[in-house]
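Engineer: Chain A is already provided as a structure; the job is to place chain B on it using the hints.
Line order of the protein sequences matches chains A and B. If you're matching positions, the first sequence starts at 1 in this note's numbering and goes up one per residue. If you're matching positions, the second sequence starts at 468 in this note's numbering and goes up one per residue.
By construction, these hints were calculated from the structure, which means they are not laboratory data. Worth double-checking, as some hints may not be accurate.
To be verified - To give an idea of the chain B side of the interface with chain A (calculated C-beta under 8 Å), a few residues:
hint: 1; residue: Leu678
hint: 2; residue: Pro745
hint: 3; residue: Gly815
hint: 4; residue: Gly862
To be verified - So the derived list for chain B, only partly shown, Cβ under 8 Å to chain A, looks like this:
hint: 5; residue: Gly553
hint: 6; residue: Gly681
hint: 7; residue: Gly685
hint: 8; residue: Asp743
hint: 9; residue: Thr764
hint: 10; residue: Tyr776
hint: 11; residue: Ser777
hint: 12; residue: Arg790
hint: 13; residue: Gly794
hint: 14; residue: Pro797
hint: 15; residue: His890
hint: 16; residue: Pro893
Ideal placement from N, C-alpha and C gives every residue a C-beta, glycine not left out.
2 protein chains.
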Amino acid sequence: MTLAFEPDDRRYLAELAEYVAIPSVSRDADADAMRRAAEWIASRIDFADPQIVETGGHPAVVGSWLGAPGAPTVLIYGHYDVQPTGSLDEWITPPFDLTPYVDEATGEERVRGRGAADDKGPVYLVVETCRQFLAQEGALPCNLRFLFEGEEEIGSPNLGSYVRTHAADLSADLVVSADGAQWRTDEPSLSIASKGLLALDITVTGANRDLHSGRYGGTVANPTHALAALLASLHDEEGRIAVDGFGDGIPALTPQRLAEIDAVAFDEEAYRADLDVPALHGEPGMSTLARLWTQPTIEVNGIAGGGAYSVIPHVASAHVTCRLVPGQRPETVARALDAHIRAHAMPGVRVEVRFEDGAVPAYTIDPGHPGIQIARDALEQVYPGEEVLLAVIAGTLPATVLFEEALGAKTMFFSFAVADEWHHAPNEFFRVRRLREGMRAWEILLRGFGATEGLGDRGLAAAGAVR
Amino acid sequence: MTLAFEPDDRRYLAELAEYVAIPSVSRDADADAMRRAAEWIASRIDFADPQIVETGGHPAVVGSWLGAPGAPTVLIYGHYDVQPTGSLDEWITPPFDLTPYVDEATGEERVRGRGAADDKGPVYLVVETCRQFLAQEGALPCNLRFLFEGEEEIGSPNLGSYVRTHAADLSADLVVSADGAQWRTDEPSLSIASKGLLALDITVTGANRDLHSGRYGGTVANPTHALAALLASLHDEEGRIAVDGFGDGIPALTPQRLAEIDAVAFDEEAYRADLDVPALHGEPGMSTLARLWTQPTIEVNGIAGGGAYSVIPHVASAHVTCRLVPGQRPETVARALDAHIRAHAMPGVRVEVRFEDGAVPAYTIDPGHPGIQIARDALEQVYPGEEVLLAVIAGTLPATVLFEEALGAKTMFFSFAVADEWHHAPNEFFRVRRLREGMRAWEILLRGFGATEGLGDRGLAAAGAVR
Chain A
1 MTLAFEPDDR RYLAELAEYV AIPSVSRDAD ADAMRRAAEW IASRIDFADP
51 QIVETGGHPA VVGSWLGAPG APTVLIYGHY DVQPTGSLDE WITPPFDLTP
101 YVDEATGEER VRGRGAADDK GPVYLVVETC RQFLAQEGAL PCNLRFLFEG
151 EEEIGSPNLG SYVRTHAADL SADLVVSADG AQWRTDEPSL SIASKGLLAL
201 DITVTGANRD LHSGRYGGTV ANPTHALAAL LASLHDEEGR IAVDGFGDGI
251 PALTPQRLAE IDAVAFDEEA YRADLDVPAL HGEPGMSTLA RLWTQPTIEV
301 NGIAGGGAYS VIPHVASAHV TCRLVPGQRP ETVARALDAH IRAHAMPGVR
351 VEVRFEDGAV PAYTIDPGHP GIQIARDALE QVYPGEEVLL AVIAGTLPAT
401 VLFEEALGAK TMFFSFAVAD EWHHAPNEFF RVRRLREGMR AWEILLRGFG
451 ATEGLGDRGL AAAGAVR
Chain B
468 MTLAFEPDDR RYLAELAEYV AIPSVSRDAD ADAMRRAAEW IASRIDFADP
518 QIVETGGHPA VVGSWLGAPG APTVLIYGHY DVQPTGSLDE WITPPFDLTP
568 YVDEATGEER VRGRGAADDK GPVYLVVETC RQFLAQEGAL PCNLRFLFEG
618 EEEIGSPNLG SYVRTHAADL SADLVVSADG AQWRTDEPSL SIASKGLLAL
668 DITVTGANRD LHSGRYGGTV ANPTHALAAL LASLHDEEGR IAVDGFGDGI
718 PALTPQRLAE IDAVAFDEEA YRADLDVPAL HGEPGMSTLA RLWTQPTIEV
768 NGIAGGGAYS VIPHVASAHV TCRLVPGQRP ETVARALDAH IRAHAMPGVR
818 VEVRFEDGAV PAYTIDPGHP GIQIARDALE QVYPGEEVLL AVIAGTLPAT
868 VLFEEALGAK TMFFSFAVAD EWHHAPNEFF RVRRLREGMR AWEILLRGFG
918 ATEGLGDRGL AAAGAVR
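Extracted from the complex, chain A is given alone in its bound form (with noise of 0.2 Å):
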């Protein structure tokens, strides 16, 4: 028994663009645009009773459809906002304008737009699969809780407190999130484990005005000048971070988990070719993959001051995300870096550093969950004849903590977006054929999960497997 799909993607592509044209940039205040995509993603699940529900933040959308006596719960997460469109100039089309084109290296179809593939893409071609089963059969496989919200794109301020206080509504054995991506397109993979966040604002601040520079140079210390030597002083010349105890309580790397990756089949040189930089970087010693999938690091994301004119401007700030692996405590993390920055603060500055709130440490599900083995299948019955890789998002997925804490559920990630698609970037893309491969993976999925006999820890206690 299989579910018949559309013949063609006409359908589905329409539909996708009516929900990307919405502009739900959590970052901007446009509360109406927040609203109407909400009510978008709320109409797909008409079937499952979807309210619009306050979080103090962007309103989240729920639902459960809970027609399968003595099947699983499984909660399907994901997020209908996305993240600021960057510089509209860098856009090749309007980033609201969902725009199908045939990608001239590979021949692939593929869309373009923001949230194309985080996370509209593959959220919109799970509602679908669930609107099939209800449509050819009746009935969906197993029981279905959703939750997508509207704040991942700014770390998810107030799920927590959201989670925590509707709790038994949403309560499941597993959370499966639509949101995340395999890391590559000719190699079907499931995550299981994402980075944590942590994520700060560094203010420099020097005379109470910007100063001539000529006038006023070589007298007093330019803030321009201490940022700079506070960020790089953050990592040494080989690109090691460098900032003691920012790596208390990760475990040291085995041999067998570097084998295990080293054994990923991975071009550095495509890699490198696709980003179009001289050459990789990063800590020495390491592949660039064992790096990706086993190091915290800290980037700056941003940093102002000044102008192109002749001052001693009197400000600059940087924005500053680290990721972080098992291990990191946040807390732990913000302390060392705190200290660092003071000890490196130049004389004559005044250095503020300010932590965002909504820090998360690092992620991980057992390879041996009752949940990945079923998942596993179904990708290897989608991609016949290519193994499944077990893969680490070397993103962040703030839900997955709050949802083993507040849920007692472990979380699972099964998105169809690929990490190459310019997430976050300007020109982000959703490769065509991955709707139609990710709606027959999500309806074996689904009827894996019917046919188990439980998906909770007490399953997997039941299986001897937890750890």
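Structural biologist: Frame of chain A, contents of chain B only:
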């Protein structure tokens, strides 16, 4: 015989307000505002057959009154363009509304507005003095030419070709600049030197797009890190310039000159408190005033890259200006900087260095020049009992070098702005009483010029004072 000025400042302030109201920001492209400012100041020298002349960039205003046969000819230089406002949020009152106020700390009457001190106020008072000579005495004491340019704040890119092409129409025994600034309000001063200027942009490019800071973090060089490391490398930890060859050609500072500077009353604590910095900062082993007057600088004027969200930005850039001292050649300094930047570029990024046109070396005038003697006398009469200080303009006046080359005339600075009047910054202001003091001083100066034997190098040669 002295000129009678107005009984109060009302007319002066009303006229200056008209001039300040014209937003003649030369870095912007508002040709209409530039032309209106040129027309305004041209209308104030209607006694000198004013012309608005094309230069290839913003127009210049020229004029001449040559009705004093046998007397020296002096070229009065100034500029009608102003710096950009910077952040409007930081202005207490709108930048182009000249706003009178009383400074609470000093009780001084001031006027706030962009260009009030640099250079609209100081030029206004000169032309008003000339108008009063003609109105009250029917003639000026010496021959005058006028040259007010519209591109001083962008490095005078077209002034050179204009002056060289029209050298005959501009010929003069001496140039007196109404631009510049006395270095403080409680002590009359004459500037005998100004620093040179070399400006450059550094652009660091990484990947071909902004990258998700999680999904790509730790695998590529971050352009903001590379830029920070580059900028940090320009100075050592104590604030010394660390660029090999940067200081080539600078003669050793003599103990005599250092002693002269140390004899100047300079309250470092008051200077620090005015700027509200935790400490002054710069090359160690030298007083703040010695640094300001004798040392070259490298100051970063602005940095930009990415924004406050979670990307690895693909471009980061900085605007940098160097102030040069006598002995430094701009070309040599540019080569040294270029080599330093290339040597310190992080692998994995591309670094582009672009030097702006219009670099100028430092400038000096002999303290024994007859023009300096006459100016000193004028200041002693306006500020009786005060010793006139021979100071250095730590800013840059590109026109000085040009006038020496193209007209064979030295340039003397005679401005009634003060260096602390927040030139180039938000809330630029001008002290009201200096309008009147400046007019009286210019009256005495012009009378002195009319009574002297010679003002050019001929005069100096005759006096045996050429060095």
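Engineer: Look at each hint and say if it fits the structure.
Structural biologist: Verification of the supplied hints:
1. Leu678: 7 Å, holds
2. Pro745: 6 Å, holds
3. Gly815: Because about 3 Å separates B:Gly815 from the closest Cβ in chain A, which is inside the 8 Å limit, the hint holds.
4. Gly862: 3 Å, holds
5. Gly553: 6 Å, holds
6. Gly681: 3 Å, holds
7. Gly685: At about 4 Å, which falls below the 8 Å cut-off, the nearest Cβ of chain A leaves the hint on B:Gly685 intact, so it holds.
8. Asp743: Constraint on B:Asp743 satisfied, holds at 4 Å.
9. Thr764: With a minimum Cβ separation of about 4 Å from chain A (threshold 8 Å), the hint on B:Thr764 holds.
10. Tyr776: With Cβ-Cβ at 6 Å, under 8 Å, it holds.
11. Ser777: 5 Å, holds
12. Arg790: Since the shortest Cβ distance to chain A is 5 Å, the answer is holds.
13. Gly794: This hint is violated: B:Gly794 lies away from chain A, its Cβ roughly 16 Å from the closest one there, beyond 8 Å.
14. Pro797: Interface hint status for B:Pro797: violated (15 Å vs cutoff 8 Å).
15. His890: 5 Å, holds
16. Pro893: It holds, given that the least Cβ distance between B:Pro893 and chain A is near 7 Å, below 8 Å.
Hint compliance for this structure: hints 13 and 14 are broken, all remaining hints hold.
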